[in-house]
Amino acid sequence: MRPAARSFVLGELVDLLGGELEGDANLRITQVAPLESAGPEDISYFAAEAYRRDLDATHAGAVVLHPSNARPGLNCICTPNPLLYFVRLMALFHPEPEVAAGVHPMAWVHPQASVATSAEVGAFASVEQGARIDSRARIGSGCRIGHHAEIGEDSALHANVIVYPHCIVGKRAVLNAGCVIGSDGFGGVLDRGRWVKMPHLGRVVLGDDVEVGANTTIDRGAMGDTILGNGVKLDNLIQIAHNVRIGDNTSVAACAGIAGSARIGANCVIGGSADISGHLHLADGVQISPSTMVGRSIEVPGRYTGIFPWSEHRTWLRIAAALRRLGDPGVADRKRPRRERSRESAQHVQEERDDDGHQ
Amino acid sequence: MRPAARSFVLGELVDLLGGELEGDANLRITQVAPLESAGPEDISYFAAEAYRRDLDATHAGAVVLHPSNARPGLNCICTPNPLLYFVRLMALFHPEPEVAAGVHPMAWVHPQASVATSAEVGAFASVEQGARIDSRARIGSGCRIGHHAEIGEDSALHANVIVYPHCIVGKRAVLNAGCVIGSDGFGGVLDRGRWVKMPHLGRVVLGDDVEVGANTTIDRGAMGDTILGNGVKLDNLIQIAHNVRIGDNTSVAACAGIAGSARIGANCVIGGSADISGHLHLADGVQISPSTMVGRSIEVPGRYTGIFPWSEHRTWLRIAAALRRLGDPGVADRKRPRRERSRESAQHVQEERDDDGHQ
Amino acid sequence: MRPAARSFVLGELVDLLGGELEGDANLRITQVAPLESAGPEDISYFAAEAYRRDLDATHAGAVVLHPSNARPGLNCICTPNPLLYFVRLMALFHPEPEVAAGVHPMAWVHPQASVATSAEVGAFASVEQGARIDSRARIGSGCRIGHHAEIGEDSALHANVIVYPHCIVGKRAVLNAGCVIGSDGFGGVLDRGRWVKMPHLGRVVLGDDVEVGANTTIDRGAMGDTILGNGVKLDNLIQIAHNVRIGDNTSVAACAGIAGSARIGANCVIGGSADISGHLHLADGVQISPSTMVGRSIEVPGRYTGIFPWSEHRTWLRIAAALRRLGDPGVADRKRPRRERSRESAQHVQEERDDDGHQ
Numbered sequence: 358m359r360p361a362a363r364s365f366v367l368g369e370l371v372d373l374l375g376g377e378l379e380g381d382a383n384l385r386i387t388q389v390a391p392l393e394s395a396g397p398e399d400i401s402y403f404a405a406e407a408y409r410r411d412l413d414a415t416h417a418g419a420v421v422l423h424p425s426n427a428r429p430g431l432n433c434i435c436t437p438n439p440l441l442y443f444v445r446l447m448a449l450f451h452p453e454p455e456v457a458a459g460v461h462p463m464a465w466v467h468p469q470a471s472v473a474t475s476a477e478v479g480a481f482a483s484v485e486q487g488a489r490i491d492s493r494a495r496i497g498s499g500c501r502i503g504h505h506a507e508i509g510e511d512s513a514l515h516a517n518v519i520v521y522p523h524c525i526v527g528k529r530a531v532l533n534a535g536c537v538i539g540s541d542g543f544g545g546v547l548d549r550g551r552w553v554k555m556p557h558l559g560r561v562v563l564g565d566d567v568e569v570g571a572n573t574t575i576d577r578g579a580m581g582d583t584i585l586g587n588g589v590k591l592d593n594l595i596q597i598a599h600n601v602r603i604g605d606n607t608s609v610a611a612c613a614g615i616a617g618s619a620r621i622g623a624n625c626v627i628g629g630s631a632d633i634s635g636h637l638h639l640a641d642g643v644q645i646s647p648s649t650m651v652g653r654s655i656e657v658p659g660r661y662t663g664i665f666p667w668s669e670h671r672t673w674l675r676i677a678a679a680l681r682r683l684g685d686p687g688v689a690d691r692k693r694p695r696r697e698r699s700r701e702s703a704q705h706v707q708e709e710r711d712d713d714g715h716q
Numbered sequence: 358m359r360p361a362a363r364s365f366v367l368g369e370l371v372d373l374l375g376g377e378l379e380g381d382a383n384l385r386i387t388q389v390a391p392l393e394s395a396g397p398e399d400i401s402y403f404a405a406e407a408y409r410r411d412l413d414a415t416h417a418g419a420v421v422l423h424p425s426n427a428r429p430g431l432n433c434i435c436t437p438n439p440l441l442y443f444v445r446l447m448a449l450f451h452p453e454p455e456v457a458a459g460v461h462p463m464a465w466v467h468p469q470a471s472v473a474t475s476a477e478v479g480a481f482a483s484v485e486q487g488a489r490i491d492s493r494a495r496i497g498s499g500c501r502i503g504h505h506a507e508i509g510e511d512s513a514l515h516a517n518v519i520v521y522p523h524c525i526v527g528k529r530a531v532l533n534a535g536c537v538i539g540s541d542g543f544g545g546v547l548d549r550g551r552w553v554k555m556p557h558l559g560r561v562v563l564g565d566d567v568e569v570g571a572n573t574t575i576d577r578g579a580m581g582d583t584i585l586g587n588g589v590k591l592d593n594l595i596q597i598a599h600n601v602r603i604g605d606n607t608s609v610a611a612c613a614g615i616a617g618s619a620r621i622g623a624n625c626v627i628g629g630s631a632d633i634s635g636h637l638h639l640a641d642g643v644q645i646s647p648s649t650m651v652g653r654s655i656e657v658p659g660r661y662t663g664i665f666p667w668s669e670h671r672t673w674l675r676i677a678a679a680l681r682r683l684g685d686p687g688v689a690d691r692k693r694p695r696r697e698r699s700r701e702s703a704q705h706v707q708e709e710r711d712d713d714g715h716q
Numbered sequence: 358m359r360p361a362a363r364s365f366v367l368g369e370l371v372d373l374l375g376g377e378l379e380g381d382a383n384l385r386i387t388q389v390a391p392l393e394s395a396g397p398e399d400i401s402y403f404a405a406e407a408y409r410r411d412l413d414a415t416h417a418g419a420v421v422l423h424p425s426n427a428r429p430g431l432n433c434i435c436t437p438n439p440l441l442y443f444v445r446l447m448a449l450f451h452p453e454p455e456v457a458a459g460v461h462p463m464a465w466v467h468p469q470a471s472v473a474t475s476a477e478v479g480a481f482a483s484v485e486q487g488a489r490i491d492s493r494a495r496i497g498s499g500c501r502i503g504h505h506a507e508i509g510e511d512s513a514l515h516a517n518v519i520v521y522p523h524c525i526v527g528k529r530a531v532l533n534a535g536c537v538i539g540s541d542g543f544g545g546v547l548d549r550g551r552w553v554k555m556p557h558l559g560r561v562v563l564g565d566d567v568e569v570g571a572n573t574t575i576d577r578g579a580m581g582d583t584i585l586g587n588g589v590k591l592d593n594l595i596q597i598a599h600n601v602r603i604g605d606n607t608s609v610a611a612c613a614g615i616a617g618s619a620r621i622g623a624n625c626v627i628g629g630s631a632d633i634s635g636h637l638h639l640a641d642g643v644q645i646s647p648s649t650m651v652g653r654s655i656e657v658p659g660r661y662t663g664i665f666p667w668s669e670h671r672t673w674l675r676i677a678a679a680l681r682r683l684g685d686p687g688v689a690d691r692k693r694p695r696r697e698r699s700r701e702s703a704q705h706v707q708e709e710r711d712d713d714g715h716q
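Protein chains in written order, with our numbering: chain A, 358 to 716; chain B, 358 to 716; chain C, 358 to 716.
Since the hints were derived computationally from the structure, they do not count as laboratory data.
Where hints are given, some of them may not hold.
[Unchecked claim] Per the computed footprint, the stretches of chain C lying under chain B, defined by three or more beta-carbons under 8 Å from a beta-carbon of chain B, are:
(1) 388–395
(2) 479–485
(3) 561–573
(4) 589–602
(5) 654–667
[As the list claims (entries may be wrong)] Each computed BS3-like pair below joins lysine-lysine, with the alpha-carbon atoms no more than 30 Å apart:
(6) Lys-554(B) / Lys-528(C)
(7) Lys-554(A) / Lys-554(B)
(8) Lys-528(A) / Lys-554(C)
We put the CB at the ideal spot given by N, CA and C, even for glycine.
Hey, can you work out the whole structure from these sequences and the hints?
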């Protein structure tokens, strides 16, 4: 782990962040660390029973924990939400580096683009005509800011982020490397068997405090815009299709896909690899489990799931065979020997073979 | 939405695109818009019953629709396929910008590469030895055109697209930002527990009128090529493995994966997040539903599906438990209390936990 | 296929690679090829019964095969593992091109970065302060090497690869285009309904001989590191979350996702589009089938599967309806007409509709 930017005594930490100190206010802390590996100058936290054994054995100089877990002989900062406290404490020890204001000599800024003097533009980044980069924004190396796009103040774009023309990124955004904001949506109309591409005239509009993961893609609207509310958090490799709307503070885990014109409410949690069909609506506060495919609107908050339970491969062969029989309309078939039907089903669900020996 | 490049009176539109005008031929239209938000200078369309209410309430200056939906008092352009008509009309109001012929002063073109004088090469793009960029092609900023790669005429590569050496892109392609054409395939052979990498000597060859979505990846062939036919349309974040072949006008939605050496027919439709195993064949006209895993060849056109139905989480726990019992070979087990077996199955299918409290 | 770098007579090949030659030691071979298309100057291989017919009909000058498949009248190189032999032979005919040592005039290397004189840095690549590029490493055009990152000797980074600050890439790595090493993990804590971002202070550490596919993403650790062992092979579009650990020689196919803090053993094989939940453990030698979601630790080597079997769409509608009934706790409901319940279930699992006619 990288060295901390500065050190604190425990007394300073509670002065800055609150909490109840039980222990030595003058103990100097130089780093944050997990319970397991923390040493006498490190501070750690305890927030889940699964780590009780690590707490008992820790050599940490101090631990952030719930008051009910404080113990004599251990320097404790007591607080009702230890993880939230610790996240803030991490930011004290490891503040974001200062913005290095200015345009790199090997960047390209169009003469009719506007870059705030406090903003940073990295090597080989390009900022096209009419684009606007607000105060203290960081445009990482190799980023592409299309014409008339806007990047809000204090936003950080990591390397090789692409913002298409006319798209808008709000304040304090964090866009991880390689994400794409505003690509053409996937829309075509068949004309005698051939696809005619639908022009995409809308934009992507991101609210404030939005986070986008590495290599995630967000398509622009066909007509109208694709809109993400304030505080929306997207993980890596997510697909957001054209004209989707996502409400404030909704979080989406990696590899999920949201199809065209879906409207996702606020404060939803979408699990990794979940898929949401197009043209539907999820109410505020809906939670979708990972790897679940949702094909219809959900108007009642709560948790929804659809995962095929995994098992040993042989067991699965039997389950798959039984499942296929459930779809079997004929009675006659049921009279065939069980083994025969089972084998057939198994063949039907044959999985990816590896390449060994194939040409 | 961005302003239209020009305006038309209704009479001009039917002169250009056909259709039957019922209404004021001299009405000037300045923009395209959805029924819901269209105003008196906008034109919209009606093509699905779900939007009947929007049609009834619209303030649009004119609407493109099927003759059976025309109504007095509304300026209508009647046509058998309103959506197709409207897509063409969108392109009239919003034509593609002209190619800005020439090489950006901060691009890199190898002296032995060939770039047509009518082509455009953006800032920080690189074009390597022996590569060929044909007439009116656009190479976006930050694109990488490998040695001996070829880009056909009128193709548009958005920012940061990567075309590996020797790969071929046909005419009128649209490659969205960050897509990768020609990466090494995933092939190795085990040698005493360690993987020996298979060299990849083939190419990717894209036909004409191919569209590739943002951050989609297409691997080159091991021996022989990976080949996509004319008019193939790929959405974002799709994986096409080595030596795959895809027939003309097949369309693949986002997040789908097609494994090595699969041969997909023409005019197929592959849904989002669907997975196609390697070394199999799909006939022309096969449709695969979203989130479906296909593990064997399909020789009969039609629609195929395999989606676990989602439900409230508690209901799913019961379904998953019942499903696991289907795979249970022993009778004895059936005599255990139902509640016990149910709980066990539920644990077995425990889902992704969030990070709260974990170290 | 690109021309071979050089040619060999069969006698030279067995001298270099071993194996038993049955046939003409002086026959000159100029290229490798599949059985089907090989001509009299080409060498091919036979390693799977599925290609028996191609073997019988081949015009190849010579074939690498198992001794049991040798036949009179065909020039054969006999070896116990023909595919492994052939992969080595491919590398003889098509060796990796020499590293073109030096920094491209349009690259950017920070004065306090260290680049070995035998290393290559491509056009528009950037190497930041304190970064280290070891002997014979290739940094492709448009790559971003963050400050204090390290790239081991003989590693090859294709175009537009991003390595975040402080991350470490071992020796002989192959990183395909657009992959991201070291992006922020997805971690936040809710504070009155809003997400507070967790700082990510750890690194990504890749062992030696690691391969990463195009547009794959690997997140840095929150505290502690994300660690991939020696010989790990990752395909395209894979997500590896923060603090994951993967053991030596494990292979992961395209579109798979591994959630935070999962510990994957050595010599595992993870199929395409499989998902592994966070905070669990897979033992050495576990094999996960494609499209399978694993939600709990697996301590016994073997193969595990959970795939919904696909079928004709109508059949699937029946299966889905039956499955939903399995989760039905009430008896009363069972008395409702079968058709009614079936229809309801089918609606419930409605799939992605295409965009035709939707606004």
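Going through the hints against the structure:
no.	hint	in the structure
1	388–395	holds (count 4)
2	479–485	holds (count 3)
3	561–573	holds (count 5)
4	589–602	holds (count 4)
5	654–667	holds (count 4)
6	Lys-554(B) / Lys-528(C)	15 Å, holds
7	Lys-554(A) / Lys-554(B)	39 Å, violated
8	Lys-528(A) / Lys-554(C)	15 Å, holds
Checked against the numbered hints given earlier, the structure breaks only hint 7 and satisfies all the rest.
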